[in-house]
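Visitor: Line by line, the protein sequences give chains U and W.
Read in order, the letters of the first sequence are residues 0 to 126 in numbering that gives the first Met the number 0.
Read in order, the letters of the second sequence are residues 0 to 559 in numbering that gives the first Met the number 0.
In short, the hints are calculated from the structure, not lab data.
Glycine included, every Cβ here is placed at the ideal spot set by N, Cα and C.
There may be inaccurate statements among the hints.
[As the list claims (entries may be wrong)] Here are some chain U residues pointing at chain W (derived, C-beta under 10 Å):
#	residue
1	21
2	25
3	108
[Said to hold, decoys possible] Below 30 Å or equal to it, Euclidean Cα-Cα: the simulated DSS-like pairs (lysine-lysine) are:
#	chain 1	residue 1	chain 2	residue 2
4	W	413	W	533
5	U	38	W	40
6	U	38	W	413
7	W	302	W	405
8	W	40	W	533
9	W	555	W	416
10	W	302	W	533
11	U	38	W	464
12	W	40	W	413
13	U	38	W	416
14	W	40	W	464
15	W	533	W	405
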Amino acid sequence: MTIERSPKDPSPPPNGDGSALSAEAAVAMHSDPRFQLLKQRLYRFIFPASAAFLAWYLLYVLMSAFGRDVMGTVLFGNVNVALVFGVLQFASTFGIAVWYTLYARRNLDPAAADVREALQQNREDAS
Amino acid sequence: MIELAQEATTNESSRLVTVVLFSLMVAATLGITVWAGRQTKSATDFHSGGRSFSPLQNGLAIGSDYMSAASFLGIAGMIALFGYDGFLYSIGFLVAWLVALLLVAELLRNSGRYTMGDVLSFRMQQRPVRTAASVSTLVVSIFYLLAQMVGAGALIALLLGIQEGQTFLGMDAATAKIVGIVVVGLLMTVYVTFGGMKGTTWVQIVKAVILMSGAALLTVLTLSLYGFNLGALMGDAAQASGQSGFLEPGLRYGVEVEGDAIQTMWNKLDLISLGLALVLGTAGLPHILIRFYTVPDSQSARKSVNWGIGLIGTFYLMTLVLGFGAAALVGHEAIRAQDAAGNTAAPQLAQTVGETIGGEMAGAVLLAIIASAAFAAILSTVAGLVIASSSSLAHDFYNSVIRRGKATGSEEVKVAKIAALAVGVVAIVLAIFAQGLNVAFLVALAFAIAASANLPTILLSLFWKRFNTRGALAGIYGGLISAVGLVFFSPVVSGSETALISGADFAWFPLPNPALVSVPISILCAVVGTLTSKEQDFEKFALLQVRALSGAGAEKASEH
Numbered sequence: 000m001t002i003e004r005s006p007k008d009p010s011p012p013p014n015g016d017g018s019a020l021s022a023e024a025a026v027a028m029h030s031d032p033r034f035q036l037l038k039q040r041l042y043r044f045i046f047p048a049s050a051a052f053l054a055w056y057l058l059y060v061l062m063s064a065f066g067r068d069v070m071g072t073v074l075f076g077n078v079n080v081a082l083v084f085g086v087l088q089f090a091s092t093f094g095i096a097v098w099y100t101l102y103a104r105r106n107l108d109p110a111a112a113d114v115r116e117a118l119q120q121n122r123e124d125a126s
Numbered sequence: 000m001i002e003l004a005q006e007a008t009t010n011e012s013s014r015l016v017t018v019v020l021f022s023l024m025v026a027a028t029l030g031i032t033v034w035a036g037r038q039t040k041s042a043t044d045f046h047s048g049g050r051s052f053s054p055l056q057n058g059l060a061i062g063s064d065y066m067s068a069a070s071f072l073g074i075a076g077m078i079a080l081f082g083y084d085g086f087l088y089s090i091g092f093l094v095a096w097l098v099a100l101l102l103v104a105e106l107l108r109n110s111g112r113y114t115m116g117d118v119l120s121f122r123m124q125q126r127p128v129r130t131a132a133s134v135s136t137l138v139v140s141i142f143y144l145l146a147q148m149v150g151a152g153a154l155i156a157l158l159l160g161i162q163e164g165q166t167f168l169g170m171d172a173a174t175a176k177i178v179g180i181v182v183v184g185l186l187m188t189v190y191v192t193f194g195g196m197k198g199t200t201w202v203q204i205v206k207a208v209i210l211m212s213g214a215a216l217l218t219v220l221t222l223s224l225y226g227f228n229l230g231a232l233m234g235d236a237a238q239a240s241g242q243s244g245f246l247e248p249g250l251r252y253g254v255e256v257e258g259d260a261i262q263t264m265w266n267k268l269d270l271i272s273l274g275l276a277l278v279l280g281t282a283g284l285p286h287i288l289i290r291f292y293t294v295p296d297s298q299s300a301r302k303s304v305n306w307g308i309g310l311i312g313t314f315y316l317m318t319l320v321l322g323f324g325a326a327a328l329v330g331h332e333a334i335r336a337q338d339a340a341g342n343t344a345a346p347q348l349a350q351t352v353g354e355t356i357g358g359e360m361a362g363a364v365l366l367a368i369i370a371s372a373a374f375a376a377i378l379s380t381v382a383g384l385v386i387a388s389s390s391s392l393a394h395d396f397y398n399s400v401i402r403r404g405k406a407t408g409s410e411e412v413k414v415a416k417i418a419a420l421a422v423g424v425v426a427i428v429l430a431i432f433a434q435g436l437n438v439a440f441l442v443a444l445a446f447a448i449a450a451s452a453n454l455p456t457i458l459l460s461l462f463w464k465r466f467n468t469r470g471a472l473a474g475i476y477g478g479l480i481s482a483v484g485l486v487f488f489s490p491v492v493s494g495s496e497t498a499l500i501s502g503a504d505f506a507w508f509p510l511p512n513p514a515l516v517s518v519p520i521s522i523l524c525a526v527v528g529t530l531t532s533k534e535q536d537f538e539k540f541a542l543l544q545v546r547a548l549s550g551a552g553a554e555k556a557s558e559h
């Protein structure tokens, strides 16, 4: 496979305070186990969780379109399956947001801090 | 005769209170704008409010950006007239925030600077990709803006209670609509031009508080009439609506047409297409994305989305009560008589509830409060759209494309202000010309374009190593052109009773909502474009990913 660089750009992408992250440091860090751990932890949560809530939402929309009999089933009083299903969409949205926040605080933020620290360390060693 | 006279006095006193509240709000927000303008010095101040807002502040501003008049009055009205389907709409709007939370907000905050184009062009050739990002930002924002402003003109006339044939301060209904459009247009332009992102954000924070309190007050009062028994309220609403299946899906979307199985199938596919646009569109709306740049770091971006989800979720649950309340207490006929789309259901409910609880004056005051909350909702959303457009024009198009990245911060701010002025003028003129047209579909179209052109390319940029310039361009333009093109050839534009162009029929695409087809087209274009180009830059991909995931090298809050 041929690998080609994009031609030198007249305006490089913005890079924060400039000193913070060089391309060489980023390439080295990209295969560093500390970054791999962060990436793995992030992907392990966000992709399955996104697939799950999108499937759950799609099921709701499909049921609203094609499962009218089920959706119209009265559970008690004026409460039917459609209403409960809708309220559950609210509940799952709040729930996933809270779950992700706890997960990120415990697993992602420390791993990201490790990566930033390692980059800082490498820079100091180099100078 | 006596009744008529009484009604006139109610209208008069309510109008007076409404005008006083409108004026107070405008004065307060202009004061904020002047104050913020004095503090806005650098480009980061102008585009991103110095990145120094707290998560709660940004969460309120996110809510304000998102809870437009279309979602406040529109969804309440839809629930009031069509029952369950209005609720279905709000669910798509809410669940969409999980896409923003899990896949976009933090990574975007870490890797970009001022605009959506920053992230899309990070790994790519700057000029073509930034041009595409800017085009897409402008199209989405102008469509959304146009829908809001045309709605605003009509709403202000309605909120002030000016009926056809009546006059108020010497204005008839048609003049009041134009005045409404011009006032909203001028205010949003002033907020952005003079206050920048800092001013706009503070205006949005104030408005979120007004909107939430107004809606909460009305919700509690409505529920109190039913002894806080939501079930009883819903039963009454279903009965008063006079329609069977009011508490089930199907009265507005995915309508089953008797004896026409094909049309029924199209209607149901259209519901799914709409659902897809709602859930995937939010995280691709430029005015929402740039909000993540206004906080100091990615954790704050995460927290602000959480605040946003909490506020927006609560708000839509309250809208459910308001919509059913209006159906039960105001009634189908009375709502339709005021506005066929049901946009005045919430204000009408306010008047009815106020009158039931505290007599006529209370009705007038409550109506004025809700009218002001709706006015606030309009203003804060349009201001957010103007700043997104002007930032993209100045940062992506002027600086990166025309000046090849050599413009200074103060030049960029100057151009952004001129751009805001230009967008404001264009929006006012377009809205005045479009006001006779049925443009409500433009909000759904803006979501469909965001879902097709923006979100797939943002995600592929962040996660797909092989992705490149040709892929990004194909994805953005493919999504944009297919979404707009399909709507152009749909029953929305021609060939139906409610079409934009009446008396013509060139519709061959059966779905009013294009996302079901245009999202796959965009992804296909992005993949094919990528694979047919040899360009591949692992270095920049590593740079983007390390920066996006860890926050190393991310833009810092500016010092003050």
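Visitor: Hints first: check each against the structure and report whether it holds.
Guide: Hints, one by one, checked against the model:
1. 21: 8 Å, holds
2. 25: Holds, because the Cβ-Cβ distance from residue 25(U) to chain W comes to roughly 4 Å (cut-off 10 Å).
3. 108: 7 Å, holds
4. 413(W) <-> 533(W): Violated, at roughly 39 Å.
5. 38(U) <-> 40(W): 37 Å, violated
6. 38(U) <-> 413(W): 40 Å, violated
7. 302(W) <-> 405(W): 35 Å, violated
8. 40(W) <-> 533(W): Cα-Cα ~43 Å, so violated.
9. 555(W) <-> 416(W): 23 Å, holds
10. 302(W) <-> 533(W): With a Cα-Cα distance of about 40 Å, the restraint between residue 302(W) and residue 533(W) is violated, given a limit of 30 Å.
11. 38(U) <-> 464(W): It holds: about 14 Å lies between the C-alpha atoms, which stays within 30 Å.
12. 40(W) <-> 413(W): The hint holds at about 11 Å.
13. 38(U) <-> 416(W): 40 Å, violated
14. 40(W) <-> 464(W): 38 Å, violated
15. 533(W) <-> 405(W): Roughly 29 Å between the alpha carbons, so the hint for residue 533(W) and residue 405(W) holds.
Figure legend: structure checked against the earlier numbered hints; hints not met, in rising order: 4, 5, 6, 7, 8, 10, 13, 14.
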